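Engineer: Sequence:
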Amino acid sequence: MASVTIKKVSNKKELEKFVDFHYDLYAGNAYDVPNLFSDEMNTLDKSKNAAFEFCEAEYYLAYDAHQHIVGRIAAIINHRANKRWGRKCVRFGWIDFIDDRQVSAALLKAVEDYGRAKGMNEMIGPLGFTDMDPEGMLTWGFDQLGTMPTIYNYSYYPEHMESFHEFEKDNDYVEFKIMVPDEVPQKLMKLSDMIQKRYNLHVRKLTKADIFDRGYGKRIFKLINVCFKDLYGYSELSDKQIQQYINMYFPLADLSLITIVEDRSADNKMVAAGITIPSLARALQKCRRGRLTPFGWWHVLRALKFHKTEGVDLLLLGVLPEYRMKGANALMFSDLIPRYQQYGFKWGESQVEMETNEKVQGQWQYFETHLHKRRRCYKKWL
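Numbers 98 to 479, taken from the working numbering, label the letters of the sequence shown in order.
Simulated from the structure, these hints should not be mistaken for lab results. What you are looking at is a predicted structure, and each value in this text was computed from that prediction instead of being measured. Any given hint could be a false lead.
[Said to hold, decoys possible] No more than 35 Å apart at the CA atoms, straight line, and that leaves these computed lysine-lysine pairs for DSBU-like: (1) Lys-326 - Lys-423; (2) Lys-456 - Lys-423; (3) Lys-109 - Lys-456.
Full structure from sequences and hints, please.
Structural biologist: Written out as structure tokens, the structure reads:
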């Protein structure tokens with residue numbers, strides 16, 4: 098490519114082009130699962146995303162000599178995460194580009210320049226504002242269907258990153274496809290019965306009133322804050338963020354697919370929570386350019402309400418550290434598996450797990466699993 102021009106996004110029309118570029122680049126791809134246009138706009142809007150309480154960001158578009166958009170990238174500084182982990186990081190996210198190394202290099206340089214100007218000494222990514230955003234560049238599993246909460250990218254992306262020798266591995270993730278068994282494993286059932294009797298734990302199912310009126314929605318995300326606090330790059334969710342995610346996840350949720358575990362001996366303290374949802378992958382692929390209109394809404398509704406999908410996304414699973422050895426996660430799965438069977442789900446998607454997190458991976462020991470995706474966060478010293 099003769100020339101690449103990088104321009105900072107400065108208005109809503111340009112932000113719309115930033116979001117739309119992904120749909121253009123991945124049009125017709127069988128594995129990419131595009132996010133809804135409205136969700137992307139709200140996440141990137143500095144007046145709507147609660148993460149901007151402690152984050153700052155700029156967005157950049159790459160243009161060729163004919164003024165065609167050929168790439169995009171976000172530069173993000175999460176001040177809360179930097180303070181928590183004692184780092185001075187600028188993150189790069191929402192990275193997409195054609196297969197031209199001048200384009201990818203120019204985009205990454207834009208983030209590098211932004212980070213240096215802000216006093217940062219390293220850049221890492223792909224990451225979003227927080228762990229609730231997609232993270233990690235796909236490095237293996239390009240022939241596997243993506244999921245709503247994760248990133249899909251072409252195989253040439255990591256090839257570009259590996260060719261830029263200043264970049265090195267910062268963190269690797271794995272993802273598993275977990276097959277739904279025909280019957281709940283006997284070992285799991287026996288363990289669940291023993292746990293309930295020995296530790297006085299029990300499963301509780303929630304109502305909309307529990308979530309919105311009795312504070313259970315906030316309690317779930319407070320629990321997630323505790324469970325995730327030591328994970329790579331995590332920054333604690335603020336009260337404003339928690340309310341945002343309650344409003345995002347729960348209004349259309351099938352509450353039978355959400356399970357919490359309580360400790361009766363500790364005044365019904367919430368000790369574990371699992372938020373799972375029917376896979377929206379195929380439905381989102383049918384939403385033209387990420388829009389719910391004219392017919393996209395029907396495909397999403399069929400998946401959410403009528404479970405017209407074969408997979409289930411294990412969106413958020415959290416168990417308090419002191420209850421992990423007590424098997425609280427076994428109670429969650431013994432409750433959820435019969436529901437998955439009832440709805441005809443064939444498999445679950447684990448979402449991203451740190452490659453070194455053996456405790457999390459150990460919870461799949463009772464099931465047939467397939468490690469089918471790997472992804473990486475890269476780092477460059479500035």
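Engineer: Of all the hints given earlier, name the ones this structure violates by number, lowest first.
Structural biologist: 3
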